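Participant: Sequence:
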Amino acid sequence: MPTLAACGSDGSGSDGNVLKVVAADYGDNAENTSQKYWDKLARAFEAKHSGITVDTKVYSWTEVDKKVADMVKDGDSPDIAQIGAYADYAAAGKLYRADQMLSIPTQASFIASIAQAGEVSRVQYGLPFVSSARLLFYNKKLFDNAGISSAPTSWTELKDAARQLKSAGVKTPYGLPLGPEESQAETLMWMLGGGGGYTDSNGSYTIDSTANIETFEWLRDELVGEGLTGPRSPARTNRQDVFGAFIRGEVGMLNGHPTLMQQASGHDIDYATAPLPGRHGKSTSTMGVADWLMAFKANGKRKQIGEFLDFVYQDKNVLAFADQYDLLPVTTSVSATMRHEKEHKKLWRFLDQMDRAQFYPADKTSWATISKMIKEKIGSTVGSGGDPASVLGEIQRAADAMETAKP
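Going by the working numbering, the sequence shown opens with residue 17, and the numbers climb by one from there.
These aren't lab readings, by the way, just hints derived from the structure by calculation. Treat the hints with care, since some could be wrong.
Unchecked claim - No more than 25 Å apart at the CA atoms, straight line, and that leaves these computed lysine-lysine pairs for BS3-like:
{"no.": "1", "residue 1": "K83", "residue 2": "K73"}
{"no.": "2", "residue 1": "K175", "residue 2": "K187"}
{"no.": "3", "residue 1": "K319", "residue 2": "K64"}
{"no.": "4", "residue 1": "K82", "residue 2": "K388"}
{"no.": "5", "residue 1": "K82", "residue 2": "K393"}
{"no.": "6", "residue 1": "K313", "residue 2": "K64"}
{"no.": "7", "residue 1": "K156", "residue 2": "K319"}
{"no.": "8", "residue 1": "K156", "residue 2": "K182"}
{"no.": "9", "residue 1": "K82", "residue 2": "K391"}
{"no.": "10", "residue 1": "K332", "residue 2": "K298"}
{"no.": "11", "residue 1": "K110", "residue 2": "K332"}
{"no.": "12", "residue 1": "K361", "residue 2": "K332"}
{"no.": "13", "residue 1": "K319", "residue 2": "K110"}
{"no.": "14", "residue 1": "K332", "residue 2": "K358"}
{"no.": "15", "residue 1": "K89", "residue 2": "K313"}
{"no.": "16", "residue 1": "K156", "residue 2": "K187"}
{"no.": "17", "residue 1": "K83", "residue 2": "K358"}
{"no.": "18", "residue 1": "K82", "residue 2": "K110"}
Unchecked claim - Simulated DEER-style distance windows between Cβ atoms:
{"no.": "19", "residue 1": "A290", "residue 2": "I120", "range": "37 to 43 Å"}
{"no.": "20", "residue 1": "R138", "residue 2": "D284", "range": "47 to 53 Å"}
{"no.": "21", "residue 1": "E392", "residue 2": "D44", "range": "24 to 30 Å"}
{"no.": "22", "residue 1": "A405", "residue 2": "H296", "range": "17 to 23 Å"}
{"no.": "23", "residue 1": "D90", "residue 2": "A405", "range": "40 to 46 Å"}
{"no.": "24", "residue 1": "D216", "residue 2": "K319", "range": "26 to 32 Å"}
{"no.": "25", "residue 1": "A405", "residue 2": "K358", "range": "46 to 52 Å"}
{"no.": "26", "residue 1": "K319", "residue 2": "S137", "range": "21 to 27 Å"}
Since this is a predicted model, take the numbers as computed values, not measurements. Quick reminder that beta carbons are idealized off the backbone N, C-alpha and C, glycines included.
Full structure from sequences and hints, please.
Facilitator: Quick look at the structure:
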């Protein structure tokens with residue numbers, strides 16, 4: 017993701033009305049870099065607010081979080097950052113609350129389930145920027161060749177379909193990315209399908225719950241153990257590996273997000289989507305992901321920040337970004353617009369998932385560390401001799417210790 021970094025100062029002197037913005041890049045080449053979006057947005061805002069200058073810089077997702085952390089550490093904090101996590105900064109008292117910056121109409125515009133994911137102790141600090149949900153993607157040609165007439169709705173049906181695909185010579189019947197890139201996502205999707213999740217309704221970690229342990233025992237024994245996840249170990253398989261294989265026509269099924277539609281269509285893959293299968297039928301919830309905007313107090317530019325963020329969340333600007341990258345909007349009005357425009361029909365099924373989507377526990381300062389542990393360890397649970405109870409128990413103990421140690 018591109019980062020918008022300005023060379024503003026501490027809010028006083030000649031740079032007092034210069035907003036430093038750092039953001040992530042959602043593009044994958046120079047032509048579709050998000051820098052173009054932010055530059056255009058900044059110039060449009062400046063044309064209506066002659067007293068404020070917006071300096072932007074965009075970085076890739078692999079470096080943007082560290083860039084912001086280094087800026088804060090070095091006393092050169094951005095005024096606004098659009099990155100993946102906000103809880104650490106909120107807990108340290110470095111961020112403005114949403115109600116300190118945004119107009120009431122802007123605050124009220126967010127989709128409730130997403131806005132709640134931006135709260136720490138029921139106070140909103142993280143402002144959702146874009147979101148996505150997950151669906152099952154499947155290759156229609158491979159399904160037809162294997163004699164499969166419809167998408168699986170349960171784990172049993174998924175396993176049966178994977179067996180048929182394997183018999184038909186499909187290299188990877190089900191793509192299971194439990195490698196270090198984004199395995200915390202695949203993990204949550206399977207946990208939800210098994211009736212579990214990372215936390216309970218009170219927000220307490222439940223990583224080693226019986227439901228979660230049984231989910232990974234099923235994956236180990238019924239999918240991986242049966243040779244239905246391809247020749248490569250899931251522990252060494254990243255999301256982009258299975259996405260790439262899917263658009264080459266080598267994968268029968270996988271869990272994917274909206275941008276995979278664009279990639280698959282670009283490679284002439286005849287695909288379809290369906291709700292995620294669950295243990296006994298369609299999963300009752302899916303995973304939602306939100307990326308966040310946050311505003312730092314360090315430079316004292318609350319008023320200018322609020323004016324800019326109100327502009328960012330105008331319908332036309334929200335729609336433009338979501339439209340460019342096949343992502344989901346975070347406001348109710350733009351979501352309604354997409355639902356009624358046929359050009360966005362492929363996104364309707366994803367939009368339908370958002371009301372029941374569950375998000376990472378991003379409000380916890382421990383989540384960054386726990387997520388890293390999941391990425392490092394979860395793949396081992398499904399290999400030969402894997403021990404889900406032991407691995408999930410280890411992660412749970414670490415999570416409990418961090419939560420207990422919080423001031």
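Participant: Next, verify each hint and record whether it holds.
Facilitator: Evaluated hints:
Taking the CA atoms of K83 and K73, the gap is near 11 Å; set against the 25 Å cutoff, the hint holds. Our distance criterion of 25 Å between C-alpha atoms is met by K175 and K187, whose separation comes to about 15 Å. Proposed proximity of K319 and K64 is supported: the alpha carbons are some 15 Å apart, at most 25 Å. Between K82 and K388 the CA atoms are separated by roughly 15 Å; this keeps the pair inside 25 Å, and the hint holds.
Annotation: proposed proximity of K82 to K393 holds, straight-line Cα distance about 23 Å (limit 25 Å). Annotation: proposed proximity of K313 to K64 holds, straight-line Cα distance about 24 Å (limit 25 Å). At most 25 Å may separate the alpha-carbon atoms for a hinted pair to count; K156 and K319 exceed this at roughly 52 Å. With a CA separation close to 15 Å, the supplied pair K156 and K182 stays within the 25 Å bound.
For the suggested pair K82 and K391, the alpha carbons sit about 18 Å apart, so the restraint of at most 25 Å is met. With a C-alpha separation of about 35 Å, the suggested pair K332 and K298 falls outside the 25 Å cut-off, and the hint is violated. Using a Cα cut-off of 25 Å, the hinted pair K110 and K332 is violated, with the two alpha carbons roughly 30 Å apart. With a C-alpha separation of about 19 Å, the suggested pairing of K361 with K332 holds against the 25 Å cut-off.
About 16 Å separates the Cα atoms of K319 and K110, which keeps this hinted pair within 25 Å; it holds. Proximity of K332 to K358 is assessed by CA-CA distance (about 17 Å); at most 25 Å being required, the pair is judged to hold. With a C-alpha separation of about 14 Å, the suggested pair K89 and K313 falls inside the 25 Å cut-off, and the hint holds. In summary, the hint linking K156 to K187 is supported, as the alpha carbons are separated by about 15 Å, within the 25 Å threshold.
The straight-line distance between the Cα atoms of K83 and K358 is roughly 39 Å, outside the 25 Å bound, and the hint therefore fails. Distance restraint check for K82 and K110: the Cα-Cα separation of roughly 16 Å lies within the 25 Å cut-off, and the hinted pair is therefore satisfied. Checked against the hint of 37 to 43 Å, the pair A290 and I120 passes, with Cβ atoms roughly 39 Å apart. At roughly 48 Å, the beta-carbon separation of R138 and D284 lies within the given 47 to 53 Å, and the hint holds.
Against the hinted window of 24 to 30 Å, the Cβ-Cβ separation of E392 and D44 comes to about 26 Å, which satisfies the hint. At about 22 Å, the beta-carbon gap between A405 and H296 stays in the expected band of 17 to 23 Å. Take D90 and A405: their Cβ atoms lie about 44 Å apart, and the range 40 to 46 Å holds. Look at D216 against K319: about 40 Å separates their beta carbons, and that is not inside 26 to 32 Å.
As the Cβ distance of A405 to K358 is approximately 49 Å, the hint placing it in 46 to 52 Å holds. The hinted window of 21 to 27 Å between K319 and S137 holds, with their beta carbons roughly 25 Å apart.
Of the numbered hints listed earlier, those contradicted by the structure are 7, 10, 11, 17 and 24.
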